[in-house]
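**Student:** Sequence:
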Amino acid sequence: MATAALLLTACESDDAAPAADAANAEVGTEGTADEVTDGAETNAPPATGIPGTLVNFDLASEALMDAPWPTDLRRDPVTGRLDLTGFPNPGQIDLLGRYIASAEDNLDGWGITSAAYFTFASAIDPATLPDAKASTQGTASVMVVNLDEDSGAFGELIPADSTWIGTEGYQYVPDNTLIVQPFYGRALRGGTTYGVVVFRSVMDAEGKALGQPQVVAAGLADQGPLADLYAPLREWLARARIEHGDVAAATVFTTGQPTKELKDIATWVDDDAPAPALVDVAVSEDNVSGFELVEGHYTSSNLQAGVVPYDEEGGAFVIGAAGPEVQATESLRFALAVPSGEAPAAGWPVVLYGHGTGGDYKSMLTGSKYSVAKELTKRGMAVMGIDQPLHGPRAPEGTNTDVASFNVFNPEAFRCNFRQSAVDVLFQARFVAEVGTVAGAGVSVKLDPNNIHFLGHSHGGLSGALLAPFAERIRSFVLSGAGGGIAYTIRLRKDPADFKLLVETLLQISDPNELIIGHPVLALVQALVETTDPLAYARHFRNPPGDRPPLDLLLTSGVDDAQTPAVTALNLASTAAMPILAPGPLPSPGHDSQSIAIVATPLEGNMLNAFGKGTMAVAQFADADHFAIFDDERAGPLYLGFLNSAQKADPPVLK
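Counted from 1, the sequence shown has number 78 at position 78 by the working numbering; the numbering is strictly sequential.
Read the hints as simulated data drawn from the structure, not as lab findings.
Any given hint might turn out to be false.
[Said to hold, decoys possible] Pair ranges (Cβ atoms, derived):
id	residue 1	residue 2	range
1	A63	R548	42 to 48 Å
2	D592	G358	31 to 37 Å
3	Q137	A277	55 to 61 Å
Just so it is clear, CB atoms sit at the ideal spot from N, CA and C, and this is done for glycine as well.
Please put together the full structure from these sequences, using the hints given.
**Tutor:** Structure below.
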């Protein structure tokens, strides 16, 4: 192997615009490991391969697994649309076919957590594969590398796990397949070109160096059907002083931009959408003590097309030439808890509360130890709750909110349900900012338009992570029971059902060991729904658009959380480069890979960018579950103190 790779320091930035495509070759271009058609104008003699165990590289085959992927050979250079012809579907399962079709219709690039697949002619020695930590060393036998000059991080190596599938006889993964899975805690950048390189220092089962297919040799020599695809790879190899003959195989691909649509929608909500308007308000008939409670309705735009609750079809956003197309104007009910006494001159600071799945607009009133409405009004903050999409009067009576919200049976709704929740909060923030005083029927509540905050639990925490980078009206965020990486959730979530068993049943998978994180179906689902996965938005926490400082954000997680597995909270935090608050009971490889130290309280302004400071951390609590902030004597005071500080100081103090 050549000398250590040239590593350039990665600057934190928003998702890049799609780079010029690395490839414009057609799928099916003639050329295999044995025969290559010269596709570049050159006087050089045709490149020859190197004998040995070879990666399968049949570009003429329609079967996706017959050549390394993801690859920009299967990505349209203009639209970014993917060609998933030949995606494994051995049982011709209709639902999987719908996911494949939806991915082809909706994605503009490969996933930011995309695994790469290399199928070999025969076995290799798995002991010669690197672990994730070793994969970022310049001598690693497998590397995931940033190949995008415009990203500001060209040459950055991404930690990745390498998994060898030998002769297990799995249904969706051929025997002798190497799966290279980038860390979920170091999600790739959107709109960015990457390479996955397998070097000949990986040994075959007999201890011999791998060979190099002729098509690979030609591409590295700027010849044949891989010539354009490999252009950025050749540049990196040259800078890193790595010999072409050290490469056994490589694939180059460009990620999509899963956050772009919601970012554009947020701008539309602020600038061009129909303004939310108060419909009615009155004093609540509920018996509460320690604060006042009013209820009412206001108008808000719903962007999901189709018939609610979108059981088998519908639920997608429709984006026209002029922006999002409003499908319905809803009259959303709200509850507003108001501190007793006279409001400050500017109005009451207000916390927008996003409830969990199965809750409603009054969930903030529940009598937990650290009841949201009771505790925040004691601290001089009003609290406003609304119904999540597909909850209460927003869905037909009898709708199962768990199934409807996490609707894996309808990929269009799966992609948009939680984004509609984010859109609701964007409109809610605009309502508070523009209406100012909520008045009518003996009610007059003045709210401070410049002192709006957000607290979301579970469902609300997940959707809160989506809107956080784009909600310029909201000063601080607390996300409870939120995490990133839907593939992890499928693998690990057991409440309200065993999600892994459900997916195995749907896919007719009989071997309980097959459905690993890097499984191609999980990779497909993850890529398709990344637009609604907090993991895709985490990089923006530190660098939100609009030349703004880092967000003020607290993420809380119970180690024993059965609904949002604790590892997904760490995935989300490490992708955001968000430190763990001491004592941090669980190890986090994503944090370790970035040398992000555990921090202690008091914490203030610990996150920096060119525009200022923000206070940001993830707090995990041993022996706590999904509801830590409501019942745990460590979590409750922490989130309450953070919001109390945020209403008075910028950046707030976490203590």
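**Student:** Give a verdict on every hint.
**Tutor:** Hints versus structure:
no., hint, in the structure
1, A63 / R548: 42 to 48 Å, "holds, 47 Å"
2, D592 / G358: 31 to 37 Å, "holds, 36 Å"
3, Q137 / A277: 55 to 61 Å, "holds, 59 Å"
Of the numbered hints listed earlier, not one is contradicted by the structure.
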